[in-house]
Amino acid sequence: MSATDRLRRTVLCALVAGALLLSVLTPARSGEAVTLRFSNWHLVEDVWGRSLREAINIFESRNPGIRIIPEPISYGEKEPRYQAECAARRMPDVVKLHNFSLAMFFELGCAADLTPFVQREPAGFLKAWYEFPLKMLTHRERLMAMPDDFQSIVLIYNRELFRAAGLDPAKPPRTWAEFQEYARRLTRDTDGDGRLDQWGFSMPASKNPGLPLRIMPFVWSFGADFITEDGRRSAMNTPEFREAFRFIVELATVHRVVPPGVTTFGPQDVRIQMAQRRIAMKIGSGWSYPIVNALNPQLNAAEVLEAAPIPKGRKTITAAWLDAWIMSPHTRYPEEAWKFIKFLSSKEIEKKFFEDNRVISSRKDVNTLPLVRTDKFSRVIVAELEHARLEPFIKEWPEIFDAFATALQEAITGAKSTERALLDAHAKVEEILARRR
Amino acid sequence: MRLSSRFPVATVAVYAFLAIVGIYILFPFLWMLLTSLKSETEALEIPVVWLPDRPTLKAYVIMWVRKNYGVYFLNSTVVSLSTAVLSSFLGALAGYGFSRFALRGRGFLMGFVLTTQMLPGVLVVGPYFKTLSAVGLYDTRTGLVIAFLTICLPFATWMLKGFIDGVPRELDDAARVDGCGWFGIFTRIVLPLVMPGIVATILFAFLLAWGDLLWVSTLTHSEAMVTVTLAIARTVQEFYVNWPELMAGALIGGIPSIVLYLLMQRWLVQGLTAGAIKQ
Amino acid sequence: MTVAAPWLRPGAWGSRLRDRTVGYLFVAPAVLLLAVVLAYPAFTSLRLSFSEQGSPVNLGLVQYRLLLRSSLFWQVVRQTGVFVAASVAAHVILGMLLAMILNRPLAGRTPLRIMVLLPWVVPDVVAGIVWKWILNPLYGVLNDVLLRADLIPAPLEWIASPRLALFSVILANIWRGFPFVMVILLAGLQAIPQELYEAAAIDGAGPLASFRSITLPGLRKVLVVALALDTIWEVRRFGLVQAMTGGGPGTMTEVLSTQVFRQYFQFFRFEYASAMAIAMTVLLLVISVPYVRMIVREE
Numbered sequence: 001m002s003a004t005d006r007l008r009r010t011v012l013c014a015l016v017a018g019a020l021l022l023s024v025l026t027p028a029r030s031g032e033a034v035t036l037r038f039s040n041w042h043l044v045e046d047v048w049g050r051s052l053r054e055a056i057n058i059f060e061s062r063n064p065g066i067r068i069i070p071e072p073i074s075y076g077e078k079e080p081r082y083q084a085e086c087a088a089r090r091m092p093d094v095v096k097l098h099n100f101s102l103a104m105f106f107e108l109g110c111a112a113d114l115t116p117f118v119q120r121e122p123a124g125f126l127k128a129w130y131e132f133p134l135k136m137l138t139h140r141e142r143l144m145a146m147p148d149d150f151q152s153i154v155l156i157y158n159r160e161l162f163r164a165a166g167l168d169p170a171k172p173p174r175t176w177a178e179f180q181e182y183a184r185r186l187t188r189d190t191d192g193d194g195r196l197d198q199w200g201f202s203m204p205a206s207k208n209p210g211l212p213l214r215i216m217p218f219v220w221s222f223g224a225d226f227i228t229e230d231g232r233r234s235a236m237n238t239p240e241f242r243e244a245f246r247f248i249v250e251l252a253t254v255h256r257v258v259p260p261g262v263t264t265f266g267p268q269d270v271r272i273q274m275a276q277r278r279i280a281m282k283i284g285s286g287w288s289y290p291i292v293n294a295l296n297p298q299l300n301a302a303e304v305l306e307a308a309p310i311p312k313g314r315k316t317i318t319a320a321w322l323d324a325w326i327m328s329p330h331t332r333y334p335e336e337a338w339k340f341i342k343f344l345s346s347k348e349i350e351k352k353f354f355e356d357n358r359v360i361s362s363r364k365d366v367n368t369l370p371l372v373r374t375d376k377f378s379r380v381i382v383a384e385l386e387h388a389r390l391e392p393f394i395k396e397w398p399e400i401f402d403a404f405a406t407a408l409q410e411a412i413t414g415a416k417s418t419e420r421a422l423l424d425a426h427a428k429v430e431e432i433l434a435r436r437r
Numbered sequence: 001m002r003l004s005s006r007f008p009v010a011t012v013a014v015y016a017f018l019a020i021v022g023i024y025i026l027f028p029f030l031w032m033l034l035t036s037l038k039s040e041t042e043a044l045e046i047p048v049v050w051l052p053d054r055p056t057l058k059a060y061v062i063m064w065v066r067k068n069y070g071v072y073f074l075n076s077t078v079v080s081l082s083t084a085v086l087s088s089f090l091g092a093l094a095g096y097g098f099s100r101f102a103l104r105g106r107g108f109l110m111g112f113v114l115t116t117q118m119l120p121g122v123l124v125v126g127p128y129f130k131t132l133s134a135v136g137l138y139d140t141r142t143g144l145v146i147a148f149l150t151i152c153l154p155f156a157t158w159m160l161k162g163f164i165d166g167v168p169r170e171l172d173d174a175a176r177v178d179g180c181g182w183f184g185i186f187t188r189i190v191l192p193l194v195m196p197g198i199v200a201t202i203l204f205a206f207l208l209a210w211g212d213l214l215w216v217s218t219l220t221h222s223e224a225m226v227t228v229t230l231a232i233a234r235t236v237q238e239f240y241v242n243w244p245e246l247m248a249g250a251l252i253g254g255i256p257s258i259v260l261y262l263l264m265q266r267w268l269v270q271g272l273t274a275g276a277i278k279q
Numbered sequence: 001m002t003v004a005a006p007w008l009r010p011g012a013w014g015s016r017l018r019d020r021t022v023g024y025l026f027v028a029p030a031v032l033l034l035a036v037v038l039a040y041p042a043f044t045s046l047r048l049s050f051s052e053q054g055s056p057v058n059l060g061l062v063q064y065r066l067l068l069r070s071s072l073f074w075q076v077v078r079q080t081g082v083f084v085a086a087s088v089a090a091h092v093i094l095g096m097l098l099a100m101i102l103n104r105p106l107a108g109r110t111p112l113r114i115m116v117l118l119p120w121v122v123p124d125v126v127a128g129i130v131w132k133w134i135l136n137p138l139y140g141v142l143n144d145v146l147l148r149a150d151l152i153p154a155p156l157e158w159i160a161s162p163r164l165a166l167f168s169v170i171l172a173n174i175w176r177g178f179p180f181v182m183v184i185l186l187a188g189l190q191a192i193p194q195e196l197y198e199a200a201a202i203d204g205a206g207p208l209a210s211f212r213s214i215t216l217p218g219l220r221k222v223l224v225v226a227l228a229l230d231t232i233w234e235v236r237r238f239g240l241v242q243a244m245t246g247g248g249p250g251t252m253t254e255v256l257s258t259q260v261f262r263q264y265f266q267f268f269r270f271e272y273a274s275a276m277a278i279a280m281t282v283l284l285l286v287i288s289v290p291y292v293r294m295i296v297r298e299e
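Chains as they are written, first to last, in the working numbering: chain A, 1 to 437; chain B, 1 to 279; chain C, 1 to 299.
It is possible that part of the hints are untrue.
Per the computed footprint, the stretches of chain B lying under chain A, defined by three or more beta-carbons under 8 Å from a beta-carbon of chain A, are [unchecked claim]:
1. 122-132
2. 215-221
List of simulated lysine to any residue pairs, SDA-like, C-alpha gap at most 20 Å [said to hold, decoys possible]:
3. A:K78 x C:F267
4. A:K416 x C:F73
5. B:K130 x C:A35
6. B:K130 x A:E79
7. A:K416 x C:R78
8. A:K416 x C:P162
9. A:K416 x C:L166
10. C:K221 x B:G166
11. A:K395 x C:Q266
12. A:K416 x C:S70
13. A:K78 x B:K130
14. A:K395 x C:L166
15. B:K130 x A:R90
16. C:K221 x B:G107
17. B:K130 x A:A88
18. B:K130 x A:L108
Hints were generated in silico from the structure; no laboratory data involved. Model, not experiment: these values are computed from the prediction. Backbone N, C-alpha and C fix where the C-beta goes; we use that ideal spot for every residue, glycine too.
Here chain A stands alone, though its shape is the one from the complex (with noise of 0.2 Å):
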């Protein structure tokens, strides 16, 4: 055998012993104190990231008896991941959902019931949120979670993109008559060399979890619902809801104010568009400008970028977004975690959340500081919170809305003509809720 030959061998060997040695012992975990291990998307991102680990410096700074673990997870994972870990009762002591999968985490016996904490408190403590948000998180008159952001979904558009296009940018489209006439004049060449590059108009239509929060403000506005009011039958046949429907799916398949490919966008590609200035319009709350502001600080986003509620169908209506604390039921601390719990939504984290990642909170005294009144973006999403409303608090939901999105990039695509593709949704959804009953 060469030399060569023996040489790798012996690397290889010795990178098996080593491997198969490693692999068995694991790092020692030094039994501290108290531990919690908290868990929240946000954990990987730059700035919100920053944010959260500085907020937790300062919990174990006044709380020495307590570490706070972090544990980063991507968006997608997390519903799987914490699933699997409630199962076999090792879920991260205090966690962050959001709206689309809370219900499910509750009926799966999976979120401690915050009441008896909340009881102990002094009187009042509850008032200084919003009542929305308390009374969504309340299952079978239990307090399940702690609100914690707490947005509306508006207009947000740009400005010079607008006086470039000769429209007033003191003045938003009101109605969807004028929003589709706006798109239409802001989908132009701007280059003349005879292809479009700029449109009106973007959303992400591709299934993801962010689609039903900017689909909702068009369909409720237009006096339509997904479900009736019991919950007990689909709504999706009703001339409203047809009418809402073909709406958005003409905005790309006969006005053509949207890119090509809208099926396959999330929420990430909008924000570059937008961030290019590729587009005019789009729908969004107030994480949105500071990522746009980030993908490319040329544009200057805090300077062109204006919010204004969502244009008026038969309703003044639109979507929210609302994610809350859970605490894991099976965990060993739970005074500890309610400590860590009632810190993170107290009025100066809050507060600090807002100045750091620029996000509204469920807390009224959070929202009537002067700080968010003045923020442009802020004061738009905080009034129209008045009349934001929160998608169905059903389990099935998720599969609901899933046949809703398969429809629209039916139609939009051309699988299937607009009537077809909604008769089909129609029919999958009855067939859901029928499993319900």
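With chain A's structure known, arrange chains B and C on it following the hints.
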């Protein structure tokens, strides 16, 4: 090469084919490389920017320095290498057993092994998580290795049995005459002759363990156990995808596999010539 | 090359019983490990698949009935079939061609050998993300090239179009998966002695004839194994499809694995998802039976 001396056209055809396939294979990598050298804004330009104006290694620096890549690399390497070695060894043992022995219920056992390969990961992950927790192997590298072994063993066994079947039994007999026991035949005769198969198995198992996402994300929770693939996947967040960093991470993540391949390819291409037919 | 003396055959040494025990010993570690670790999950899933949603006590065929009556299920089965058949066929053809080429002394062989292995080192999900980006209608490089070369009048919607979506996914999947088959076939080719080819050449056989009479028979076992394994793995392929299209547009690129994932982790229909996964396993079993027979019966 006989082909070239008799059919020069054939050689040209071969190289042309290689060129086309080469473009198909390499183009995404080229794109990944170019993107990793751009600034974030540049990566998102329309019309598409091919060559970065000012190439920068910033993405690579961030991935290594700020994001703790060293630990991820260690975890990935340890777990993948262990999986690879163990699955090829155990698979070879089993393959040998299936090949050389008239076991009662052999077809059933072989079928069983193959069937376990067919269970979708999604189903198995949840209950497996519970099992691991119960025995205290949750969030450990050992737990991961065991999990990956269950995915790699079936194909390792089947593959190696296929290769071992190709080793003539006469060689076994010859070794018997020389006084070898079954295990001796295994290590001295069979294993060296199926080296290409072993190497192939090691490579597969390594790559499978390295590139896994579902198991790693469910069976670990601490920072200390994160693997390279998990770290890369986490750069794709809900609100934010940093393309240069993602590409840089993916490219660096591919290097150990290539290194392993380079180290082992000698045995992959070794023929049946060494010492076999010599009586 | 036959052995004349029967006492030289293994098995003649010691009783047959002892031989068989040794055989079991060889096979035991792998089989036991698989059985022990996977028994509980497999059992749990099986039980779930026979339960009604929310009431684990009542066992019955509810989920399977729902499954078989669902038109979406059959659509997904069909799409999976197309996806797998096209991918595996391309893997084998491409893999075989490359393996044969790389089996010869060729200029620049080592770098070539590295090159053809490269797609494999990219994890599923990353491959999906990269290809999705390359095929993006606005930012995508492919459209850019085609537009500049005037081959298409307007950007093509590779991923969004109902007609092109499945094709795009298959294209990416071929890229990602052929090295697996190629490496197996290359290893198998290595095991065919060169002397056989030399002898055939002396006899005047052309390349096609020697391929048919030497290469194919020599590779048969290995080829069958490669086909079986690749088929099983492609039916299980998840990350690539999920990352590229998410099953869209609509449900036109849904495959069984993405559907199971969706039902289990997004809709929380554990029982239904389990039934679908069991159905998937049964399907794979049915497909593999001919392969298994072919291999086991040989002996």
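Hint by hint, which ones does this structure get wrong, listed from lowest number up?
When the structure is compared with the hints, only number 14 turns out to be violated.
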